[in-house]
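Asker: Listed below, chain by chain, are the residues.
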Amino acid sequence: MDVMLALALQGGQMCGVLLLAPLLLGFTRRLKARLLRRRGPPLLQPYRDLLKLVRKQVVLADNASWLFRGAPYVIFAATWVAAALVPTFAIGLTFSWIGDMIAVIALLGTARFLLALAGMDVGTSFGGIGSSREMLFASLAEPAMIMIVFTVALVAGSTQLSFVASFMHDNVSLRVSLGLAVAALAIVALAENARIPVDNPATHLELTMVHEAMVLEYGGRHLAMIELAAALKLLLYVSLVACIFLPWGLAATGSGAAAYAIGAALYLGKLAAGGFFMVLFETSIAKMRVFRVPQFLAAALMLGLLGTLLLFVSRSF
Amino acid sequence: MQVGIALWGVAVLLASAGVAALIASHRWARHVGYGLCLGACLGLMLASGHYLVLAPAPQSLHLPVGLPWTGAYFRLDPLAAYFLLVVNLGGAGASLFAIGYGRNEPQPARVLPFYPLFLAAMNLVVLADDAFGFLLAWELMSLASWALVVAHHHDPDNLRAGYIYILMASFGTLALLLAFGVLAASSGGYSFAEMRSASPAAPGLILLLALVGAGSKAGLVPLHVWLPLAHPAAPSHVSALMSGVMTKVAVYGFMRMVFDLNGAPAWWWSVLVITLAGISSLLGVLGALMQHDLKRLLAYHTVENIGIIFLGLGLALAFSAHALPAPAALALSAALFHVFNHSLFKSLLFFGSGAVLGATGERDMERLGGLIGRMPLTAFAFLTGAMAISALPPLNGFVSEWLTLQAILISPQLPSWALKLIVPAAGAMLALSAALAAACFVKAFGVTFLGRPRTAAAAAARETDRASLTAMLAAALLCLMAGVLPGPCLDALAPVVEALTGARMPPQSWLTALSLVPVAESRSSYNGLLVFVFVAAGTLLSIAVVYCVGSRAVRRGPAWDCGFPLVSPLSQYSADSFAQPIRRVFGRVVFQAREHVEMPPPGDARPARLTVTLKDLVWDGLYAPLAAGVVIAAERLNHLQFLTIRQYLSLVFVALVGLLLAVSIWT
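In order, the protein sequences belong to chains Z and E. Here this note's numbering is used: the first residue of the first sequence is 1, the next is one more, and so on. Here this note's numbering is used: the first residue of the second sequence is 1001, the next is one more, and so on.
Just chain E, same shape as in the assembly:
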């Protein structure tokens, strides 16, 4: 019974939270705490992987804890097993990284106990099989991660990030609570089994609530505002978990509610999801391009990738709504594979940024540079992650985006006119965001690791420790493996997809030389293994030929730069100057970017200044008025605090009469 093993794993995580709280002050605490987490995650990973490979019937378990009259239900089905695998793969990587990275933590007692709790909560969300347990675990996940976000609470920015995060998280949980309320109203029970058997009264309303609830946790535009603030504020291994894993738990929540518990999809659901997904992917990457804080840049990229995942989910909904199960299976496979891929490369990139932060104390790219010579292995791992997230072959990000594009190419079959117009537009947004992501990661890698060091801290950096390096290189290797051998990965996904759409992609594992054929060979095929082999062989061959035929001599000298001698490292292209042309082309509309040059008059020795102002239209247009409205309402209602006793009594009387009237009219 893998579900039993999984629950024992969760119990170990909960216990290690207690242990960590007791021993947090010791020097070896991080080895014990994170070591326990690593072990538990590996165990959970094996259990879920074993279940997924065997793909037996769903396993249920009922424990007499929780609400007295219901207890707690747990269930392991292919969907849950897959997300359990993703959560614990990310968890194991982050724990391994943290064994080394934890040394940089000034106050381990603020991080160590909450970290296992956070992992346990994410596992419980995936395992829960009743609304009560799901919401409890969801809220525990929010609170534990909030505690980790405000771990460094002396920084006012982190406090603000934590405040916005907890507000948005509560709002999201409220939406989910209402969604489960609507689901439970028609089934009469809180267990998922009862909800599944009943047909819900208002499936459209449930979709909207699930989209708001899970979308706010995943970072779907316009509910993403907390994400670029909160994810970078946490310690780096927690940022990796929040960006790489917690957003996936949110995707799981959405899929569980919409694909599993809710009724048959209507066509307009997919229009909504695809529109939001396209906007998310584009706004996410454009937001990332405007950043010069390495971790915040990565957090914005999470918004982009969540958009790509939701694009796949939206396409799957569209195909399902029009009774096209095979294309739905392709779109869903693409989305699920991107879930896996994103959790890998986003964790890897956050580890890399953590290693840089640990080595230099800097997150601001404008104060870094030249780290490739000082941290070569970190640079190599980060480069792999950067190429994977930019959807470049032969790495894994390309495969899932390629599958999404293939799903888009089948969608002219869809009869609905709205979809016929929106799907190609979303495809263009996907292509645009992939190309902009490449530009963004040239900037991120180029400014951080290449060039000359811009500060003394960057010049004095040392390679990071062995545990962190192991975690990063293992993640890089997995990125390559998943890109080169996507067939077996997609076959492992088949039971999940089959359970949700009723169809699966054709088996991929043993096709000619492990190539990927989503529909038919005459339509499209891709073979990551051979592309990798050919590129690698071409590289080696060209090196061999050049070294045989030509000169091998190398002379080192000062850089040429068109004859200008190298001056201050500040004359290099910085992150902002790299993005300036893109800001000029895209930012005028999206961010209302305005540049103001302040030029001193001739003869004045003051330096000229360039000021750039960017506006966040989502914040200004949606959240700022909302916050202002709340303040105004609070001030108006403040009068209620200062009434006389007569006025209070008459208020109570009026309320009572109103309620009685409502009840009499309602029934």
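So that you can see chain Z by itself, here it is in the shape it has in the complex:
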């Protein structure tokens, strides 16, 4: 019975992230529109968009290869597994130990690798420009993320997210290194999700776009999988910040139904808060030139490295 319950919770986590991801996207779009004094699309619009895309016929370029057709599904699956590895409402779920923070980052790396290749598959100049810039940003964002993981892991003594969350919950303290890490994580999260100072998720037909340029040739169900993966990635980063830096309310293994319900309700609140702060930041800043972005990301890398160095010098930072 316990095993069934544990598996059900794990399944709930996997389905939960999948179902909530478009909602978070719809929430941020709506909120952003309100902040810009527009009415904005309904909250459920992303679900409708996905359904519409899935039902549409796929138009493939003449020379699109098997990689182009298969990549969206693998990108989606890798992102989904990564998102399900980050604790949302509970810690210590049945399969929480199959990968740690580094594995989560690397799974996102797998998805990005395939997406960048898919961007180059048809052989158009837009696909190439998107892939090239995406890999440039990733080449700085990924090490920055590893440095953030180092900082957090050195504080908590673990790279396993469930253990990190429970450590952070039990040993609340203000630390310089964690402050540096949270600033760096915010920068990386903006860059990785193609949000405003780095990339513009709403743009099309502009030379400034990165993510949208890569997926320009996609349509129909393939595009739906990629959009869903992008929504999952946004959810993942908000969950990651919430689980490391706001670990309150996460239900421990074997706690009662009430604890899980509280955890789930608090998680929804954390998602909303995360979305709100992101949108607030986005609406108050202009998009950067592409070659300013590496400096922005290098700042995150240096903050992470500084945090790690401080912790190597003394565990009390």
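Incorrect hints may appear among the rest.
[What the hints assert, rightly or not] Quick list of simulated restraints, FRET-style, between CB atoms: (1) Z:39 / E:1567: 39 to 45 Å; (2) Z:48 / E:1326: 52 to 58 Å; (3) E:1541 / Z:273: 29 to 35 Å; (4) Z:69 / E:1567: 23 to 29 Å.
[As the list claims (entries may be wrong)] A partial selection of chain E residues facing chain Z, derived with a Cβ cut-off under 7 Å: (5) 1267; (6) 1420; (7) 1432; (8) 1522; (9) 1562; (10) 1582.
[Unchecked claim] A few chain E residues that don't get close to chain Z, going by computed Cβ distances all over 10 Å: (11) 1021; (12) 1025; (13) 1056; (14) 1058; (15) 1075; (16) 1103; (17) 1135; (18) 1186; (19) 1196; (20) 1263; (21) 1569; (22) 1572; (23) 1630; (24) 1637.
Keep in mind that the hints were calculated from the coordinates and are not lab data. The beta-carbon is built from N, C-alpha and C at its ideal position, and this holds for glycine as well.
Starting from the known structure of chain Z, fit chain E onto it as the hints suggest.
Answerer: For chain E alone, kept in the frame of chain Z given last:
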């Protein structure tokens, strides 16, 4: 006695070198020659694998060949057995690939006899148990591979590569000779057993000499300059051996001298090794990003991966120096596992580049493209290798880099201040190089295999032959297996690690669902098998759901590209344009990259030109002055050739007096 079997295997390899020299002109020569090598390598692999699984006491053998008063000593211990396995796994793969690839060889007589000799020499280096045999085999390995590098000697670039290679190889052997001299001075004998029992007089000096000698063969920065020139110049199956296997023999040489023969490590050794390793990994991958020759790009990646391996070795030295055996075992396991992984995926990638070279005659990525439709299986295998080398789960490269990162996370325990500052910096360099490697392989795979063909040769490519495909797909499968089941691989490494550090990683094989737990479950764990299963299941599930719920219809049409029609294939992103943003961000400092745009005035129909100049700072700063110094010294000393007899006699007299004085003062 596995050591006896191993020596018989080496004898078969030496004999097949002779056979190959005799029959090289026949059409079926490559089947016989490479077939014999394949058999011998498989036999050696089985013998070493059997030894490693049983993990008995070291086996020694003394043969009355070689120097008359010492003979030749051979020994099989866990370290040697492990590297024997790596060498012969790579050798077997390369031989199988060469059975098919050999058809592209215009002059088989220049390759076929030296190839078994090269394999035999690498095996002998690993088996040797005395300094004389080790150096002899090392030099044979250098010479045989040099002969293979200059096999296509009509190309002046290959001749230059061979010249630089043989210079660096001789220099490296000289350093090793001196290192063994210092070791033998305190023990009084040339066998490793005597060196092991004595404590050396100057262990720091031995480390420096071993680092120069083995590091120059492995391609550690700044001794790497020959590697990106020589490895691509050889035929592709030999490139795979040089990059995937010979660099590992160099790692073996370093480990044998530093971990086994030399005394207890001092803390500053690890500072030196970790610094060089971090710089190697970063410079290697940045160098690779600037290339558009597929094989040279892969060779630069060898420099990067050697950096990652030496990072693990340096961490192991650091932990050993501070008497922390368990973390040392973790770092050493990470390094050794990366040795295995790199030999797999680097061989695979060189096979892939060989298949492309055979099918199109091109190594330059700017003249390729669109091969995924014409060579789908080669593309699939190359993609697997590219993902493995970019450290992406669920493949094997990720596991060893993950273990290295775990070792870095334990290192705040180290008391030394220099290490406290250098280890995190090296960790950042490792993370940076892994991310840049992914960018580089998006470029390599994307430009070579994706998009539209840029030349007629690329458009007319055909899938490669069956033997080559078998070798590539087998290597790809092994990459996946080692990534999905790392536990048993690490357990097989345990005797090697235990012999060198006195500790081992906790047993991994039968943990819950084969997960990997390097220290404790509360610290970190990774389960490649379940990650793979979940990703695969998620992929299949999403396909099933989408096909049930949504549309299955597909229509083919021209590419969209924001409404612009597709024009010339040259309008695609090329290798150089892909790397341009990265060159702009990183290359300004590292390569002094400068871009010069030559824009014709309005009304002039000439095309605009963009010229990019890159400088190799290591070459300009270290080797060019050295070469200039040698030339100047040679010109000055040239006067000595034209003296009179009186002057010669007085020179001899002065030299004699000087030597006598030295002797009288010394004693």
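Asker: It remains to establish, for every hint, whether it holds in the given structure.
Answerer: Against the structure, the hints come out as follows:
1. Z:39 / E:1567: 39 to 45 Å: holds (42 Å)
2. Z:48 / E:1326: 52 to 58 Å: holds (56 Å)
3. E:1541 / Z:273: 29 to 35 Å: holds (32 Å)
4. Z:69 / E:1567: 23 to 29 Å: With a Cβ separation near 25 Å, residue 69 of chain Z and residue 1567 of chain E satisfy 23 to 29 Å, so the hint holds.
5. 1267: Nearest chain Z Cβ about 15 Å off; hint violated.
6. 1420: Since chain Z brings a Cβ to about 5 Å from residue 1420 of chain E, closer than 7 Å, the hint holds.
7. 1432: holds (4 Å)
8. 1522: This hint holds: residue 1522 of chain E lies near chain Z, its Cβ roughly 5 Å from the closest one there, short of 7 Å.
9. 1562: Given a least distance of 6 Å, the restraint on residue 1562 of chain E holds.
10. 1582: holds (5 Å)
11. 1021: holds (44 Å)
12. 1025: holds (42 Å)
13. 1056: holds (35 Å)
14. 1058: holds (37 Å)
15. 1075: Consistent with the label, residue 1075 of chain E stays out of reach of chain Z, its closest Cβ about 39 Å off (over 10 Å).
16. 1103: Its Cβ never comes within 10 Å of chain Z, the nearest being 27 Å, so this holds.
17. 1135: Nearest chain Z Cβ is 41 Å from residue 1135 of chain E, so the label holds.
18. 1186: Non-interface label on residue 1186 of chain E holds, nearest chain Z Cβ at 37 Å vs cutoff 10 Å.
19. 1196: holds (35 Å)
20. 1263: Holds, because the least Cβ-Cβ distance between residue 1263 of chain E and chain Z comes to about 28 Å, which exceeds 10 Å.
21. 1569: violated (7 Å)
22. 1572: violated (5 Å)
23. 1630: holds (39 Å)
24. 1637: Residue 1637 of chain E is indeed farther than 10 Å from all Cβ atoms of chain Z, at 49 Å.
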